[in-house]
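Participant: Sequence:
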Amino acid sequence: MQYDPIKRILGEAFNKTPFLRRLFYNLLDLLLLRTWHVHKELRTWASGKKSQNVNILDAGSGYGQYTYYLSGMSPSWRIFAVDVKEEQIADSNRFFAQIGRSHVRFAVADLVTFQQPETYDLALSVDVMEHILEDVEVFKNIYTSLKEGGMLLISTPSDQGGSDVHDNEESSFIEEHVRDGYNINEIENKLKIAGFSQVQARYSYGKPGQVSWRLSMKYPILMLGKSKAFFLLLPFYYLITFPFCLVLNWLDANSKHRTGTGLIVKAWK
1 MQYDPIKRIL
11 GEAFNKTPFL
21 RRLFYNLLDL
31 LLLRTWHVHK
41 ELRTWASGKK
51 SQNVNILDAG
61 SGYGQYTYYL
71 SGMSPSWRIF
81 AVDVKEEQIA
91 DSNRFFAQIG
101 RSHVRFAVAD
111 LVTFQQPETY
121 DLALSVDVME
131 HILEDVEVFK
141 NIYTSLKEGG
151 MLLISTPSDQ
161 GGSDVHDNEE
171 SSFIEEHVRD
181 GYNINEIENK
191 LKIAGFSQVQ
201 ARYSYGKPGQ
211 VSWRLSMKYP
221 ILMLGKSKAF
231 FLLLPFYYLI
241 TFPFCLVLNW
251 LDANSKHRTG
261 TGLIVKAWK
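For the sequence shown, the UniProt record's numbering assigns the number 1 to the initial residue and increments by one for each residue that follows.
Worth flagging that the hints you see were computed from the coordinates, not collected in a lab. Beta carbons are placed, not taken as given, at the ideal position from N, Cα and C, and that holds for glycine. Each hint should be verified, as a subset may be incorrect.
What the hints assert, rightly or not - Using C-beta positions, here's what the derived DEER-type ranges look like:
#	residue 1	residue 2	range
1	Gln198	Phe244	36 to 44 Å
2	Trp250	Lys226	24 to 32 Å
3	His131	Arg43	22 to 30 Å
4	Lys226	Leu27	18 to 26 Å
Claimed, not checked - Subject to a maximum C-alpha distance of 25 Å in a straight line, what follows is the list of computed DSS-like cross-link-like pairs (lysine-lysine):
#	residue 1	residue 2
5	Lys192	Lys140
6	Lys40	Lys256
7	Lys147	Lys49
8	Lys256	Lys266
With the hints as constraints, model all of the structure from the sequences given.
Facilitator: Now the structure itself:
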């Protein structure tokens, strides 16, 4: 199962015009459950700050959808987004220049070595830490880069079935992960080792979210992996499943979960 090439194909298809890229972001916002959880936390953090001059680090920006969301919340915020993939950085800089968001900048950087001491009020790391072996080093670098009182927000798979791994005999559904998921106590302890004074972690992707993820992401990607012809059927598939996924995503984002396949973690300097 090659997950990354399928993501690349989708990214290239939606990167042809600014309109298509905006459409891509909007679709990701609706379909990806992690986005519901992350946006909810960002809205809480942003309360009372929209007129302030704050600096934000998107640590592992990917396609730039979270930078896009944040940059639309306030023109007063300065957002620096970094990733190791040069092509995605170039595409993102071009797109944000085209739509006139000059308070955003993208650059190639490795989070294992990246530091900008006492610079940021908020750091965001969504679906990143499961790809990096040297996680404590990254946490230390982000801690150093935050201002006093700054917050780090993380979304990552948990060890309760994250990456769709449920026992020791299974391998990850998403092959580029270096770990299948974090134990909730493990990530809290690692953040405290890195220097963070206060850490809060909660589960996401409870029962509703797990069903939604299979319907909206896993099954379509598995089918696309078998045949690209499924691209033609994809709109009809989502026409049937999309309303159910929206309801399930809302339920998951607005419920407390005793366990789940994802983690939402906040840590303060």
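Participant: Next, verify each hint and record whether it holds.
Facilitator: Here's how the hints hold up against the structure:
One distance hint, 36 to 44 Å for the beta-carbon pair Gln198 and Phe244, holds here, with the actual separation near 37 Å. At roughly 31 Å, the beta-carbon separation of Trp250 and Lys226 lies within the given 24 to 32 Å, and the hint holds. Checked against the hint of 22 to 30 Å, the C-beta distance between His131 and Arg43 comes to roughly 26 Å, which is consistent with it. Distance hint check for Lys226 and Leu27: the Cβ-Cβ separation is about 22 Å, which falls inside the suggested range of 18 to 26 Å.
Our distance criterion of 25 Å between C-alpha atoms is met by Lys192 and Lys140, whose separation comes to about 10 Å. A threshold of 25 Å between alpha carbons decides the hint, and for Lys40 with Lys256 the separation of about 14 Å falls inside it, so the pair holds. Proximity of Lys147 to Lys49 is assessed by CA-CA distance (about 15 Å); at most 25 Å being required, the pair is judged to hold. Simply put, Lys256 and Lys266 have alpha-carbon atoms about 16 Å apart, close enough for the 25 Å limit, and the pair holds.
The structure meets every hint from the earlier list without exception.
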